[in-house]
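**Student:** Sequence:
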Amino acid sequence: MSLAKASSYMLYEKNLPQAFDGFKIAHISDLHSVPAEGIFEAVKENTPDIIAVTGDLVHDNDKPYDKTISLMEKLSSLAPIYAVTGNHDLWRPNHNRIIKEIEDANVTFLRNEMVKLSKNGSEIALFGMEDPFSKIPDIIAKNVADSYAQLPEYDGFGILLFHRANLFDLVKDFGFDLILSGHMHGGQVRLPLIGGVCGPTSAILSKSGMLFPKYTAGIYNNKNTSMVVNRGVGNTLPVPRFGNPPDVGIVTLHRQNETAY
Numbered sequence: 128m129s130l131a132k133a134s135s136y137m138l139y140e141k142n143l144p145q146a147f148d149g150f151k152i153a154h155i156s157d158l159h160s161v162p163a164e165g166i167f168e169a170v171k172e173n174t175p176d177i178i179a180v181t182g183d184l185v186h187d188n189d190k191p192y193d194k195t196i197s198l199m200e201k202l203s204s205l206a207p208i209y210a211v212t213g214n215h216d217l218w219r220p221n222h223n224r225i226i227k228e229i230e231d232a233n234v235t236f237l238r239n240e241m242v243k244l245s246k247n248g249s250e251i252a253l254f255g256m257e258d259p260f261s262k263i264p265d266i267i268a269k270n271v272a273d274s275y276a277q278l279p280e281y282d283g284f285g286i287l288l289f290h291r292a293n294l295f296d297l298v299k300d301f302g303f304d305l306i307l308s309g310h311m312h313g314g315q316v317r318l319p320l321i322g323g324v325c326g327p328t329s330a331i332l333s334k335s336g337m338l339f340p341k342y343t344a345g346i347y348n349n350k351n352t353s354m355v356v357n358r359g360v361g362n363t364l365p366v367p368r369f370g371n372p373p374d375v376g377i378v379t380l381h382r383q384n385e386t387a388y
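Final position of the sequence shown in the numbering used here is 388; the numbers increase by one with none missing.
Take these hints with a grain of salt, some might be off.
[Said to hold, decoys possible] Only pairs whose alpha carbons sit at most 30 Å apart, straight line, appear in this in silico DSSO-like list of lysine-lysine:
#: 1; residue 1: 269; residue 2: 132
#: 2; residue 1: 227; residue 2: 201
#: 3; residue 1: 243; residue 2: 141
#: 4; residue 1: 243; residue 2: 190
#: 5; residue 1: 132; residue 2: 246
#: 6; residue 1: 132; residue 2: 341
#: 7; residue 1: 227; residue 2: 132
#: 8; residue 1: 341; residue 2: 151
#: 9; residue 1: 190; residue 2: 262
#: 10; residue 1: 141; residue 2: 194
#: 11; residue 1: 201; residue 2: 262
#: 12; residue 1: 350; residue 2: 246
#: 13; residue 1: 246; residue 2: 171
Hint data in this document are derived by calculation from the structure and do not stem from the laboratory.
Quick caveat, the model's predicted, so the values are computed rather than measured.
Sequences and hints are given; from them, build the entire structure.
**Tutor:** The structure is reproduced here in C-alpha cells:
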C-alpha cells in the first residue's frame, strides 16, 4: 500500500468562536489493524490542535492490531486524540478490552459522549456517537436515534465524530455544525470525474449501495451542516486501492464573517 497523503479542507463557519479561527483537526479513519506508512509524518507536518479518528481502528477478524496501538502512542505526542467506534471495532467479540487497550495508548473514545474544547476563554464541543453496529437498516436507524438521544444538549459550535459517512442522511439534521466520518474507503477505486466506485461490503445491507456510493470522500453540505469524509488509511478489500492513496485529512476551521461569502 502506498504512503499516506494529506488532503486539506478549509471550512468557514459562522458559528465558530473567533478564538478557534484557524483551529486544525487531523482526521484519519479505517485503520483496520494495519495502517499505512507515513501517517505520523503527515500529521506532524501539519501541526493539528487535535486528532480525530472516526472508527475501524481494528479489523473484525483475529488480525493483530499492534500497529494501530503503536501509531496511536506516537500520534498522542503530537496532539490530543479523540476517537469513535466503527462497525469492525464493535464486531470483535472482545471489543471492550480492545478499546481499553487503545485508550491506554492515550486515546479518548467518545461513546455517545461530549467533551468541551477550550481556547482563550471560548469553547466548542466535540461529540462522538457509537457505530450503530447492526447490518439491518431498521435497527441501524434505531441505534443511531438512540445514540443521539444520549448526547447532552449544547448551544455552541458542535462537531460530531461518527463512523459511517453513508448514513449522512440519518444524522444531517441533528444540528451539528460539522460531522467527521469515514467507513467508505474513498470508494476504494477512484476515477477522474466520477469519484469513488465501490463501498465496503456492509453498505449492501444498509441500503446505501455498493457501486458508486453517494458519500465517499471530501466535503458534503446540508443546510448548516458540513460533513468531511476521510478516505481511510488501511485496506481490507480484495480490490486494491486505485487512484485513492491512504488519506490524512487536515480540516482547518475559520470563522466566517458576516460580510464574507
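**Student:** Which earlier hints can't be squared with this structure?
**Tutor:** 1, 4, 10, 11
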